[in-house]
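Chains as they are written, first to last, in this note's numbering: chain A, 310 to 640; chain B, 154 to 507.
Here are a few chain B residues that face chain A, going by a calculated C-beta distance under 8 Å:
1. G304
2. L311
3. E334
4. L338
5. H499
These are calculated hints, taken from the structure and not from any lab test. Cβ atoms here follow ideal geometry from the backbone N, Cα and C, with glycine treated the same way.
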Amino acid sequence: MPHMKEYDYGSAIRAGFDYLLSEYPEVFVMGQGLWSPWYVGNSMTDLDKIYGTDRVIDTPVSELACTGAGVGASLAGMRPVVVHPRIDFMLYALDAIVNQAAKWSHMFGGQAHPGVTVRGIINRGGEQGAQHSQALHSWFAHIPGLRVVMPATVADARDLLIASVLCDDPVVFIDDRWLYDLKGELPAPQELDLRTQGPVVVEEGVDITLVASGYSTQLAREASEVLLEEGISCEVLDLRVIAPLDPAMVIQSVAKTGRLVAIDGGWRTCGLASEILAQVAEHVPPSLLKANCVRVTLPDAPAPTSRALERLYYSSIDDVVAAARSCVGNA
Amino acid sequence: MENERDIGSMLGDLKDPGAYQTPLEISGRDPGLLVDLLRTMMLSRMVEEHLADQRREGTIGGPVHLGIGQEAIAAGVSQFLRSSDRVFGAHRSHYHALALGTDFKALFAEILGKETGLSKGMGGSMHLWDEPRGFYGSVPIVGGTVPLAVGAALAAKLQASDAISVSYLGDGACEEGVVHESLNLARVLDAPTVFVVENNLFSSHMHISLRQPSDSTARFAVAHEIPFEVVDGNDVLAVADAAGRLIEQARSGGGPGFLEAVTYRWLGHVDWRADIDVGVARSESDLKQWRLRDPIARLRAALEAVGQWSLEEDKELERELSESIEAAWSQAMDDPWPSDEALLKHVYSSEGGA
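Looking at chain A on its own, in the form it has when it is part of the complex:
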């Protein structure tokens, strides 16, 4: 068996772009910082030099026009990826994403194919503060017509990117700078059909279900190791695709374990963790629940800059462990 090279998450994203640009002439990439060595970590290094600045386009400081241009190019048969190095700045592009990309299939009776991929990077911590920290995936997951993808593993970072770009629907692909150093093996690239991709069980367990996506999946996995040492067996689910959300696996797992901790890097109110709890409340018979379901999320406040407050703000492995422990203790 050939030895597989170990990759990190950031270079796996780059491998996804490399694959797409070499295999599909209709793929092009545009966004701010694509010709710069630092804007997007190691996730796009030298692609402009390999594939040319016609197909890897560093752009004016115009998030909305560039994203709208991506939508328009997709209508005309291209498979564009619009990159936003920081999701906070991507808010300028909401019209193109929410009013245009998400709506054009429905409004035109399925005849328009706005298959643009909008990549937004969550880039937080490090005392960057309220406008350099947001994780807004739940917003996009609220909008019918968008597919929202949050890879949590090295292989998904590449293969879900490929699947997103090859999908005829608009996709918001959200990766997280806190995952860029995550190591993992990378087998040969796969062309997955995004429509068939959804949650997976990444750790099997019997006492409690931990549901997460993106970086939160990493928190859940590390917390599950700590909890296992305490004799608590966690089933960890990685959502992967948060819109449209397939809740079947969450429902099945919670029906089995009777306990749920939903972990999310976004805010508490009306967030992804709320949706997970709602699915369980609707579909798991109360008789099967052994404890109240619990959310681990950001508090409902903008991100602080002071490191003292930052420590308080972001969820840690300890927070997940404590939440799970209290659920099991409640049994």
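Given chain A's structure and the hints, the job is docking chain B onto it.
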């Protein structure tokens, strides 16, 4: 409340309601082509008059934004377009599609919410789609399609095609930031986009003088180093000549162009009334004068003066159009509604909606 302010004028008499009321200058033009233009404009006019009537009677349930009085712009521009081009519209876009040859029965069906409509009954008046004729969509978010047109033009460039994009927008849209981003982007990327600003001097109820410090939007083309032309938008030949130059330039690799066509809408912002926007009323005498600057009457009079058109021919054309409009309308009224499944099946086009 002031209805207008004194502002810097670059348009001069182009915005004077009393100017340009005489027959068009047509010497040396191909009469067949002129009659085609007349027919295109008359069809647009009569289709929209029919829509105004039906809206007034309540047969049409949703808002219709009518372009009566502005027909010359789309008629002139479309003369140079091919079905491989990518035309984007806005809230007032029935005539943009009709000028490309869109089937008005399918337009009627769409406005009535029928499955046989341009957008399969999912869009209505404000969301029109006719890709086979190069109409890549209209939406009512002001300025919403402008960057999409730039992207479709960029796609044409990457596809090594000589297709171009046309972006129809209004003077009001020029107050949206995205339009400026889009002009800059089109210039920087040399994306072959022709921006057609229909400057009808009003955005909804507000005169341009209450919204901008100058009356001509072409100054934004200057700011972005995009070649531009400013024309009488009620002169189909002036529009066509300028559009022809800008389209040819874009098609041949010269990058974006900007056409400002000065016109006036005869009806209010939405539906059939002339004065529906009561916030800041527009002048009745202006409207009266602008109706004399009718793009159709000016071409018709010119053709009649040289014996290329007669009252009889005019009546005959009107009768023919009227009959086919009535027939199309009654067919559209009888057409089926979308199935209940349509509500969910078109959310993702990849799920086999169409």
